[in-house]
Structure formats: structure tokens, C-alpha cells
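A.B. asks: Fit chain C to the supplied structure of chain R, relying on the hints for placement.
Residue numbers (our numbering), protein chains in the order written: chain R, 1 to 215; chain C, 1 to 215.
Simulated from the structure, these hints should not be mistaken for laboratory data.
Wrong hints could be hidden among the right ones.
[To be verified] Cβ-to-Cβ under 7 Å is the rule here; a few derived chain R residues that face chain C: (1) 69; (2) 77; (3) 95; (4) 96; (5) 99; (6) 100; (7) 133; (8) 140; (9) 144.
Backbone N, C-alpha and C define an ideal beta-carbon position, used for all residues, glycine too.
Each chain, letter by letter, is given below.
Number of protein chains: 2
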Amino acid sequence: MSSTMLKLYESSGSPNSRRVRFFLAEKGICLSRVPVDLGAKEQVSEAYARINPRRVVPTLVLADGTAIGEVPAIQLYLEETHPNSPLLGSSAREKALVAMWDRQMEQEGFAVVMETVRNAAAGLKGRAIAGPHAYEQIPALVERGHQRIADFHADLEARLGETAFVAGERFSVADITAIVAIDFATKALNLPIPKSNAETRRWCDSVASRPSFAA
Amino acid sequence: MSSTMLKLYESSGSPNSRRVRFFLAEKGICLSRVPVDLGAKEQVSEAYARINPRRVVPTLVLADGTAIGEVPAIQLYLEETHPNSPLLGSSAREKALVAMWDRQMEQEGFAVVMETVRNAAAGLKGRAIAGPHAYEQIPALVERGHQRIADFHADLEARLGETAFVAGERFSVADITAIVAIDFATKALNLPIPKSNAETRRWCDSVASRPSFAA
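Isolated chain R (complex conformation) (with noise of 0.2 Å):
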């Protein structure tokens, strides 16, 4: 399916951007790519921040320049437009745990990744926060952060020992912000999923095995 009249500004090595491109996988959404090099500090610069104000990645251009900040501002507009293969739910109930689920993988898993990563780079001094604004590193975040993401990988254990996937039987948006989370603390913190939390490394496989995990 493509839809050529929308542009996704976004960058290879962002988690957030990351989340978006696993929802078009599995949605089978084609657009333009747009690319924005964090190296070199695009997203801040002046020509960037015409299109996003936040200087942050991604954002989602529509046909009429209306410009989509913020991941499930973008994962929403991207399942009204495309309805097939619903990653938000079905009825009522559905999509409502489903954005509880997803908020629960955030605030307690992604969220807290990212924010650990931000207060610990030394490439990040004064960029605590992603955003317009600029603070100072806590290295006390970076200390609660480990425990949190500990705290996370055992809630994720149980809640994975109840249902085959985060928000319930079916795959979901919760999954991808899930394992988004658990693959960006494996790589820039090096703490993977414990060997011994089985029910996770059994949903991991299965969602790993996905084409989309590649996006």
C-alpha cells in the first residue's frame, strides 16, 4: 500500500523513529523517507525546526504540510488512514487496554531506556532531555534507571507468563514499544532480557521472527 503523498522525517538511529517503521511494516505502508543525521545535529538546526518545532525525530509531513510530532500521534493517524491490520485495537475494550498496555511499556520501559542513555552520554551533556530545552545531566537518574529497567524486564516476565502478547492474544503497538525498549537497553546499556525470564525470551523469539522487526 503506498501512500507517496506523506513524508516521514527520520533517522536510522533513533528508537522513537524505529517504533514508526516497524508500524509500517507491519501495516504495509509505503511513503517517502526523508532522513535527518543526528551526528551532525540536523534536527536542530533551522531548516528542521520549520518542520518540527520540537527538533525532535520523527515527524510525519502530510499531503497539506500539516506536520505530526510525537510517535503514537503519528501510529494513530497512520491506523485511521489505513485501517487493515489494526495494531491499535479493534472494539472499544480492545483499544483501550491496548493504549494501556502501550503507555505501561512506555512509562516504564522505553521512556525510562531513553532517559538512562540521555543522562549517562557524555555526547549528551546539557541535552538531557530531548526537546527544545536545554538541562543539565542527573547522574542519580541514570543510578534509578538500572533498577527501573530491572523492575521492568520482572513486571514484563509475569505479564508475559498471562498472555502470548503484551496487550492480550494479539499482537499490538504494546509489542513493538515493548521490544523497541528491551533491543535499545541491550545495545547502549547492556542489559538484555535475564537468561532466566523465559516467558519474555519466548515472546521475544516470536516477535523477533517478524519481517518488520528488520524495518
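C.D. replies: The following block gives chain C in isolation, referenced to the frame of chain R:
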């Protein structure tokens, strides 16, 4: 409009509960409310944990017993089942813009106010993050919180110079999230909107004049 098969577990003093009460009042939805006494720590009781294992308020319980936690997930369920007076947008484009602005109001406003209060309050030592896990307070987050709230006030003033409401020309959930954050910053941290922020004060008067504001 009555939905007596729905039960909302909530607390009068909880800003997250207020976000849901405001939303219900705007849509004219009546449901059964069950007060949870946060002063008596009822939310960490075993009885409440059986309703919501995250041990936070609010929780919406459906007629079939399904428990929905997380404010945006509860609001999504209510919008899907009561589509009158939409607060989450109508078209795909509008839904995405409302989601984007609501998230910015939450992440840069509401969540920052909550973080600042939780990391400062004497009664919340060892409970700096709501939920089932114990995390110590981090004093540096209180200092950063004051800076972030000042940035939030300035960014909101700039935005409201462009549009009547946060997400555009129509009142939406993003206005609810923003006004509850602003009100709580004023009351709990003595950080009101700066007097010179004329656009925000114009918007604030308009939002506070809605009957739902008292919910």
C-alpha cells in the same frame, strides 16, 4: 447520558482523577464513582490491587469486569462509546493533532508538575514514582522541575498566541490536561501562570468558565 454499568475508582484530590472527571462532565456521562482514600493509603491495599495491580487511581471498570488504567486509555474508551461532543478530534488529521498536543501538555506540563511534587513531598519519601515499585526521591528533579515548569508556561503562551485552544480552534482533551497541570502547579507548588502571559490568561478564563472545570 447514564452508564451505570461503568465504575470509576478515583480520588477527589488526585489530579489524574480530575482529568477523567473533567472529561466525563464535558461529555455529560454519568457513572458510578467509587472513592479511593489516598490519605489512608487505600490504593496500596490488597483489595485495590486486585482491581488495579499498578495500585494507582483512576481505574475504569467495565460491566464485564475489565479494568482500564491510565488516563488516556480511560478517555479513549469513553470517547469510543460516547462519540458525542468529541474531545479527541474527528478526522484522522484532527485526532493525530489532538494526540500530539495532549501528549506535549502531559509530558512537558502535567508529568513535570507531578514529578516535582512527588520528589519534594515529605510524605512521599521512597514513593517518588506512582505505581507498585519503591523509588527514592531525587532532589535535583525538584530544581529541574521548576525550570521545566517555567519553560512549559512560556511554550504554552507562544502556542496560545497562535490558536484559541491548545490543539487548534476547538476545545479538546489537550486543554483539560493543560489546565489541570496549571491548576496543580499553582496549588501544590505555588507556581501560577506568570502575570504577563496574557494569551494563557485569556485561555485560562475561557476554560475555567466551563461548568466541567469544577468537576
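A.B. asks: Evaluate each hint against the coordinates.
C.D. replies: For each hint, the structure was consulted:
no., hint, verdict
1, 69, "6 Å, holds"
2, 77, "4 Å, holds"
3, 95, "6 Å, holds"
4, 96, "4 Å, holds"
5, 99, "4 Å, holds"
6, 100, "4 Å, holds"
7, 133, "5 Å, holds"
8, 140, "5 Å, holds"
9, 144, "6 Å, holds"
Hint compliance for this structure: every hint is met.
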